[in-house]
Amino acid sequence: MDKTQKLEQIQSFTKEMQEIISPSDFSTDPYEIEVTSSDLSLLPKYHYKFKEEFRASFVIRPRNTEELSKVMRKCREYSIPVTIRAAATSCFSASSPTRGGAIIDTRRMNSVHKIDVNNMIVKCDAGISWLKLMEKLLDYGLAPTCYPTSYKASCLGGYVASAGKAGIGVLKHGSIRDSILSVTIVKPDGTIEQISEESKGELKLDDIVGSLGIYGAIAEVEMKITHMSTSLEIVGYGFKTFSKAFEYYLGLKENTVNKPFFLSLSNKKFEKLAHKTLPSRNFFVYGVFLDNPEQTGKAIAYAKEIAQKYDGLSAEEWYLKEKWRDIADTELNLGRLCRNPVFQEYWIADERCQAFYEKYAKEIKNVDYKNAFYIMAGVEGCNRIKIFGLSDIDNSREFFGIKAGFNKLAKFAFSQQDSLYSIGVVNTFYFLKYNREKVEYMKKLKEKLDPDDLVNSYRFIKAKMKFWRVQLLFAIAKFLYRLG
Amino acid sequence: MSKDKSSDVKNIVTTGPPVAGLFSPHRDNLLEPRILTDDFQRCVECGYCRSVCRVYDVTYSELDYAGGRNRILKALANKEISFDKEGIVDSIFRCTLCGNCREVCPVGIDTVKVFQKFRKDAIHKGVLPRKLGILDERVGKLKNPYNENPDDRFNWTKDCVPAQKALKRGIEVLKAIETGSEKKKYRVGYYVGCTSAFRNTELAIATCTILEKLGIEFVLFPNEWCCGSVSYRTGLEDHIHDLVKHNTKMIRDFGVEDVVFSCSGCFSTLSLEYPRLLGEELGFNLYHMAEFVPKYVKEHNINIKYTKRTKEDPLVVTYHDPCHLGRYMGVYDPPRELIKMIEGVKLVEMKHIRNMSRCCGAGGGVKTLYGELATTVATNRLGESSNCVEILRADRLKEAEETHSEWMVSSCVFCKNNLYQAANESNSGLTVADITEILQDCEFIKEE
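Protein chains in written order, with my numbering: chain P, 1 to 484; chain G, 1001 to 1448.
You can trust all of the hints, since none of them are fake.
Some but not every residue of chain P turned toward chain G, in silico, with C-beta under 8 Å:
no. : residue
1   : Pro30
2   : Val35
3   : Ser38
4   : Arg61
5   : Ala87
6   : Tyr151
7   : Ala274
8   : Lys276
9   : Thr277
10  : Arg336
11  : Cys338
A partial selection of chain P residues facing chain G, derived with a Cβ cut-off under 8 Å:
no. : residue
12  : Glu34
13  : Leu40
14  : Thr89
15  : Arg108
16  : Ser129
17  : Leu138
18  : Lys152
19  : Ala153
20  : Ile168
21  : Arg325
22  : Asp326
23  : Leu337
The set of hints was computed from the structure by calculation and includes no laboratory data.
Yeah, the Cβ is synthetic: ideal placement off N, Cα and C, and Gly gets one too.
Let's have the full structure, built from the sequences with the hints guiding it.
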């Protein structure tokens, strides 16, 4: 297609789109496109090597499932690649364009359709923010069963699309997958389908949850909710060694008395990098229990009892309360001290966390950048481990040195049958390398639903950057870092 | 569980999710952020600011909240996008500078400072929306943004005896200054501000009435000029130096110790920006009336009684925290203390208060730049913006109505003006007033 034909195509597409959607919900403004083509991942444009075209041409904001369907249909008609986006809190470019085209911003799709108090179900648009959803549910004394620590900014759809397995409430109530009853998806051809456990079609719930929207846009979600409990208790203990801290952490995680509502383990550096006053000892385990008073009472008694066994030192109550209040900010506060906080998230089984920690501890012995370690309990006997490096992109030697270190840990995790916590555009090459069977399955399904690969391309089944090239780059980065 | 059960839930003593909602982090134990010259570079794009941005809630445009604007700044700094004088206007000016984003930013970026600089830099690069140019001209020539004759600044005093007396005192002092003769010193001066002088004169009248009732012999400043707030907020910082110098000299020459304000915008501008622009302390105290009155009545053992209602049948009011008094100056408690001091008035709080109070939509030049446009067609960006002002103020009014209060009081003339319009447009049963309008109907009884 030459330039003139392309321009005509754009004009025709724009005209037809403005018949489907309000003109104020369709934009070709270059500044708007610039910001909407980005997401939380650091330097999305730096990741240009992972993308054919990092900047979109259109921003479209449908208001409901029907509009979304018409938009997707029109985009397919014109062979325009689409990227589905809501809060764009993906840290790995999952919400940013890879082939240009149209960004479909679903934030306007934020209605709660139904709160069924008798059956404890909510049905709502996927673009609803967690804050809005929680507010609506609290009016009835209800709450979501689980939600991410990014709840202050993120949307429901993203947690579903990334199959959130760690977060608040997951230990007690299960992951987001466990709470989902059905998902309404708009497929690449624009057809709307509601998928539930009973669905017999080619798409299953397990396909959609965690697929980053490669099979279509998640438009609506129907999920279980829970009663809001009335008693909240918090424990926090410092330990001298990682092994003692982790044993205590597991003791809380696995206890049958009352599962924690939230559970984390951090090293002292993590707490120190954000706070002036912090608990003493090298490792800190933090547990929150939310239930009826009798249950939380039992849970606290148990938690205190086993803390003695591992020589835990209790943190002060004000610190524990403040930490819960600001739990959503905890990981972000590290950004107060540097220009560009860098991190990677790993999904590590309980029994392999010790080995992973030892590997990490060995890796950071010879680094001079500020770093930190943070575990958040998840389901399936696994944990989200987040490693931080505080840096500045202008110091590229250090910046890429950190990333090289993270890469080494990623390969270690995969070699141990563990994985990364979330996959996006910039780490799909790991998935391709280490999950061949799953890749084949996903490819087949994708080919059926989206043969032209227009929707959320370059996630899971295709990567522009090959594994070996990335390893070579990281090897060079590591060498240069050590040289420095 | 019915909606009534929600009260049980809200009684849970928890400091965190999911009950506590969105709020600013506790800063006390956080390390001070490492501030960069271009602090927008530290933005981690977490999106918390988007969750509190009232303009974003209307437009859903990624340009319209702090994180999105930071991305533009980064892209401009890295030369990834070109600076288009026309195209960039909305992303710069469609922000009320309410500061709510600054409150919730986990990495401690002073977003208001960043965006003020953005505006200033844009003006230097030749970005000057037509309305802004007109405003600039008016302030420069007439020393007020309302295109009013400067000689008419104190016309409102004709309807207020205490104001007339204060103006007379002020004129005498001014004469003495001009002739070099001995002048009488007054402890308190009232800086009226342009909006109270030319638009909401009821606030100026109420303030003078209250000061007189308190037995304070105060002066007005006959040679008062615009404080420069609107110009400053819209990036015209370099154009207000003469205003800053004039007003500061004027107050210093008068020799007053305390300057009181009824306008939060004037108050925050003189308190925060004047010392910075002058590079020195002002040398006099500045108080908003909402601080001054409770302080004064406590020091002088004065009781306040609202004459129109009783203790048994109080006037139920809710208080709207103005951005410039609250988030900018940290004044949250004194107005509340003041309301609680008034016998015959009862305070009921809204949902979003103090540092999480929701902006009325009038600030940051948004109402000036976008507020007068017709709203019949909301298909273009500017139409959306004017809609935005209306929607923001209507939302805030609705929040006040949900408290089942009779009055919504604020302590900023801009807020009152804007919310009053909202109340009129919606035929609300709520009366929108300034805190001074309650006080002017009060008795101040000194305890023996």
